[in-house]
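Asks: One letter stands for each residue in the lines below.
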Amino acid sequence: MQTDNQSGMGHSTSLLLSVAEQLKTPLTVIARQMELADATDAQTISPRLIHSQAAAALTLVDSYLMGLQLLSSQQQLELEPVSVSSMLTDTVHQLDQYAKQYDVTMELSIAGRYEPVMAHRAALQAALTSLGYALIATQATRETSRKRHIVLAGHRNAHGIVAGLYGTGDMVGAELRKALQLAGTARQPFSSLLGSSSAGVFVADTLAQAMESRLRIGRHGRQSGLAMTLQPSKQLQLV
Amino acid sequence: MHVLVIEPDRLLGKTYVEALKAVGYSVAYAPTAQAAIVAADEKTPDVVVLEMLLPTHNGIAFLQEFRSYQDWQAVPVILHTFVAPHTYQDIQPILREQYGVVSWLYKPQAQLRHLLSAVKQQLQVEA
Amino acid sequence: MKQLVTTAIILSRTDYGEADRILTVLTPEYGKLRLLAKGVRRVKSKLAGGIELFSVSTITFVKGRGEIGTLVSTRLNKHYAHIVEDLQRTMLGYELIKQLNKVTEDEPEPEYFELLHQTFEALDELTIPLPLIRFWFIAQIQRLGGHTPNLQTDEQDRKLVADQLYDFDFERMTFVANPLSGRFTANHIKFLRLVFAGNTPKALMQVQGVGQLLPECAPLLDHA
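Chains as they are written, first to last, in this note's numbering: chain D, 14 to 252; chain X, 1348 to 1474; chain V, 11 to 234.
Misleading hints may appear alongside valid ones.
What the hints assert, rightly or not - Listed next, the in silico SDA-like pairs over lysine to any residue satisfying Cα-Cα at most 20 Å (straight line): (1) 212(V) with 225(V); (2) 1361(X) with 1349(X); (3) 1390(X) with 30(V); (4) 1368(X) with 47(D); (5) 37(D) with 1456(X); (6) 108(V) with 66(V); (7) 48(V) with 26(V); (8) 37(D) with 1429(X); (9) 73(V) with 17(V); (10) 113(D) with 60(D); (11) 108(V) with 1447(X); (12) 1361(X) with 41(D); (13) 200(V) with 172(V); (14) 1467(X) with 52(D); (15) 108(V) with 1416(X); (16) 169(V) with 158(V); (17) 108(V) with 1439(X); (18) 1467(X) with 48(D); (19) 37(D) with 1431(X); (20) 12(V) with 73(V); (21) 37(D) with 1433(X); (22) 48(V) with 68(V); (23) 1361(X) with 158(D); (24) 48(V) with 80(V); (25) 1467(X) with 49(D); (26) 73(V) with 46(V); (27) 1361(X) with 40(D); (28) 200(V) with 222(V); (29) 160(D) with 1403(X); (30) 1361(X) with 1348(X); (31) 212(V) with 197(V); (32) 12(V) with 75(V); (33) 108(V) with 1415(X); (34) 88(V) with 39(V); (35) 1368(X) with 53(D); (36) 37(D) with 1434(X); (37) 108(V) with 1445(X); (38) 1361(X) with 47(D); (39) 169(V) with 192(V).
Don't read these hints as lab results, they were simulated from the structure.
Put together the whole structure using the sequences plus the hints.
Replies: Below is the structure:
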């Protein structure tokens, strides 16, 4: 429970606390599943479930560390031309098992054709995947399966190429908007703002910052979510 | 004996439900506070297992609503939560006296057998 | 029977019969009302999003012959969702609603509605510390109840001065000069004046040294 002892803590401490809180879930799922298998019938254990929970935890830790390392590095970030649509497709594949286990459907939506963006490949992938885990967790609590749906979308706008993840319901947009607005000023760990899935959002934002971008609330059709705008590469064009 | 498990993570919820069913309890599962009210309305639980960190409405808001219904005022509640116990020590008396919380389990450390034991203890008290 | 419309904040809800609920609400125009919400099944409980705690709503009701009127309809105006994002904030919210419900047994003035409204605003603002909100709330309850401490003159009716130290006489609710070892300074008194003048918790957060002033002033309200 958040207490006034935690008021005034720095951003990095809040982020660390948030990541630590969020790790409790996948690790507890793994521990309890193993216990259940031990106590009942070994066939009840699902290796895929264990694997996807472990992958979620590892992604969170890895992405968190990468974000901190990139932000604190004195060296220029190595950027390269990266295809947003390929990134989003890879993200769908990475999240597929996890989403299925939470009964969340995913959809890829790429509007038009556009050039690659200049990005740090690993950071962009980590950001999209972290965001995906967070949004799946949020959507998983929605009561009807029809509403447990996220869209991974890319499109071009006046400022660049936008890559984002969106979910159903205003709750996603409103909650995330408040959380991002408060990120600079809140005296409480981010987990209090969004429940236990918030760390992935802020890790993704840290990675975006390392690439001189930020996560922003965006809309895709009737869905709201988070997206980052990336600068297209002037050098290459997709054929 | 009927148990209502309120747990936002569906996989964790499924695990707890399976564990409780395996020892013979009838179990209902709800991922949110409102779903829990609906589930309790369908069948009054003999004990509630509650995660405090719920989406939209937290566990306290659930308890406040749950206790406002006369037939549910005496249903014991076991806190089974990711919130570390030392952070809510100061409000434990209020949770006990006002909200009928009878037992406290910290999920990262509480094994399934601890949960089963807490539920069994409560249902034996009632019987 | 004439239908009346007003804004309302729910203070409590209790079961009544098989499917009804009695709501106690606070309104600016009609004070505290007890209204029967008929046929409110649990599936439509407040958590489904109708009239909720920590909300301001517009209600339509009819007055009853006795103490209890009938709720006709509600429309949610604002729900202070941040309050339920933090467990301690939620608990404080319920505690303050309960306190206000207690002190408004008789016909409450509109100011009590405004007090609760401002309390929700403060609780919903996650940067405002809870001890400040609690202190401010108790001070406003005292102010509205006519129990304001004397923040202008000391026990000998002399104007309170900036370079003097004071203690506080709880019986007479007034400051007593104690040049050698008084615990309260001009800063404490200025802070208290701001609090009892009805400044919001958000405004009070700007007071320099509020973090220290608050715990030192808290005993003044504990005894009241």
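Asks: Hint by hint, note whether the structure agrees.
Replies: So, going through the hints one by one against the coordinates:
Under the criterion of a C-alpha separation no larger than 20 Å, the hint pairing residue 212(V) with residue 225(V) is consistent with the structure, at around 17 Å. This hinted pair checks out: residue 1361(X) and residue 1349(X) have alpha carbons roughly 16 Å apart, not beyond 20 Å. For the proposed pair residue 1390(X) and residue 30(V), the alpha carbon gap of about 19 Å is at most 20 Å, so the pair holds. Proximity of residue 1368(X) to residue 47(D) is assessed by CA-CA distance (about 17 Å); at most 20 Å being required, the pair is judged to hold.
Between residue 37(D) and residue 1456(X) the CA atoms are separated by roughly 10 Å; this keeps the pair inside 20 Å, and the hint holds. Among the hinted pairs, residue 108(V) with residue 66(V) is consistent with the structure: their alpha-carbon atoms are about 16 Å apart, no more than 20 Å. Restraint check for residue 48(V) and residue 26(V): satisfied, since their Cα atoms lie roughly 9 Å apart, inside the 20 Å limit. This hinted pair checks out: residue 37(D) and residue 1429(X) have alpha carbons roughly 7 Å apart, not beyond 20 Å.
Distance hint between residue 73(V) and residue 17(V) is fulfilled; the C-alpha atoms sit about 15 Å from each other, no more than 20 Å. Only pairs whose Cα atoms come within 20 Å are accepted, and residue 113(D) paired with residue 60(D) is accepted, the gap being roughly 14 Å. A hinted pair counts as satisfied when its Cα atoms are at most 20 Å apart, and residue 108(V) with residue 1447(X) qualifies at roughly 18 Å. Pair hint residue 1361(X) plus residue 41(D) holds up; C-alpha atoms about 13 Å apart against a cutoff of 20 Å.
Of the supplied pair hints, the one linking residue 200(V) and residue 172(V) holds, its CA atoms being roughly 9 Å apart against a limit of 20 Å. For a cut-off of 20 Å, the pair hint linking residue 1467(X) to residue 52(D) stands: about 17 Å separates their Cα positions. The hinted pair formed by residue 108(V) and residue 1416(X) meets the criterion: a straight-line CA distance of about 17 Å does not exceed 20 Å. Simply put, residue 169(V) and residue 158(V) have alpha-carbon atoms about 17 Å apart, close enough for the 20 Å limit, and the pair holds.
Among the hinted pairs, residue 108(V) with residue 1439(X) is consistent with the structure: their alpha-carbon atoms are about 18 Å apart, no more than 20 Å. About 18 Å separates the Cα atoms of residue 1467(X) and residue 48(D), which keeps this hinted pair within 20 Å; it holds. Annotation: proposed proximity of residue 37(D) to residue 1431(X) holds, straight-line Cα distance about 11 Å (limit 20 Å). Under the criterion of a C-alpha separation no larger than 20 Å, the hint pairing residue 12(V) with residue 73(V) is consistent with the structure, at around 8 Å.
Taking the CA atoms of residue 37(D) and residue 1433(X), the gap is near 17 Å; set against the 20 Å cutoff, the hint holds. The hinted pair formed by residue 48(V) and residue 68(V) meets the criterion: a straight-line CA distance of about 17 Å does not exceed 20 Å. For the hint pairing residue 1361(X) with residue 158(D), the CA-to-CA distance comes to about 16 Å; that is within 20 Å, so the pair holds. The hinted pair formed by residue 48(V) and residue 80(V) meets the criterion: a straight-line CA distance of about 8 Å does not exceed 20 Å.
With a CA separation close to 17 Å, the supplied pair residue 1467(X) and residue 49(D) stays within the 20 Å bound. Taking the CA atoms of residue 73(V) and residue 46(V), the gap is about 10 Å. The hint holds against a cut of 20 Å. Of the supplied pair hints, the one linking residue 1361(X) and residue 40(D) holds, its CA atoms being roughly 15 Å apart against a limit of 20 Å. With a C-alpha separation of about 14 Å, the suggested pairing of residue 200(V) with residue 222(V) holds against the 20 Å cut-off.
A C-alpha spacing of about 16 Å is found between residue 160(D) and residue 1403(X), which places the hinted pair at or below 20 Å, so the restraint holds. Straight-line distance between C-alpha atoms of residue 1361(X) and residue 1348(X) comes to about 18 Å, which keeps the hinted pair within the 20 Å bound. Of the supplied pair hints, the one linking residue 212(V) and residue 197(V) holds, its CA atoms being roughly 18 Å apart against a limit of 20 Å. In summary, the hint linking residue 12(V) to residue 75(V) is supported, as the alpha carbons are separated by about 13 Å, within the 20 Å threshold.
Between residue 108(V) and residue 1415(X) the CA atoms are separated by roughly 14 Å; this keeps the pair inside 20 Å, and the hint holds. Taking the CA atoms of residue 88(V) and residue 39(V), the gap is about 19 Å. The hint holds against a cut of 20 Å. A distance of roughly 11 Å separates the Cα atoms of residue 1368(X) and residue 53(D); the hinted pair therefore holds under the 20 Å criterion. Distance hint between residue 37(D) and residue 1434(X) is fulfilled; the C-alpha atoms sit about 16 Å from each other, no more than 20 Å.
Of the supplied pair hints, the one linking residue 108(V) and residue 1445(X) holds, its CA atoms being roughly 12 Å apart against a limit of 20 Å. With a C-alpha separation of about 13 Å, the suggested pair residue 1361(X) and residue 47(D) falls inside the 20 Å cut-off, and the hint holds. Between the alpha carbons of residue 169(V) and residue 192(V) the distance comes to roughly 16 Å, so the proposed pair stays at or under 20 Å and holds.
Checked against the numbered hints above, the structure violates none of them.
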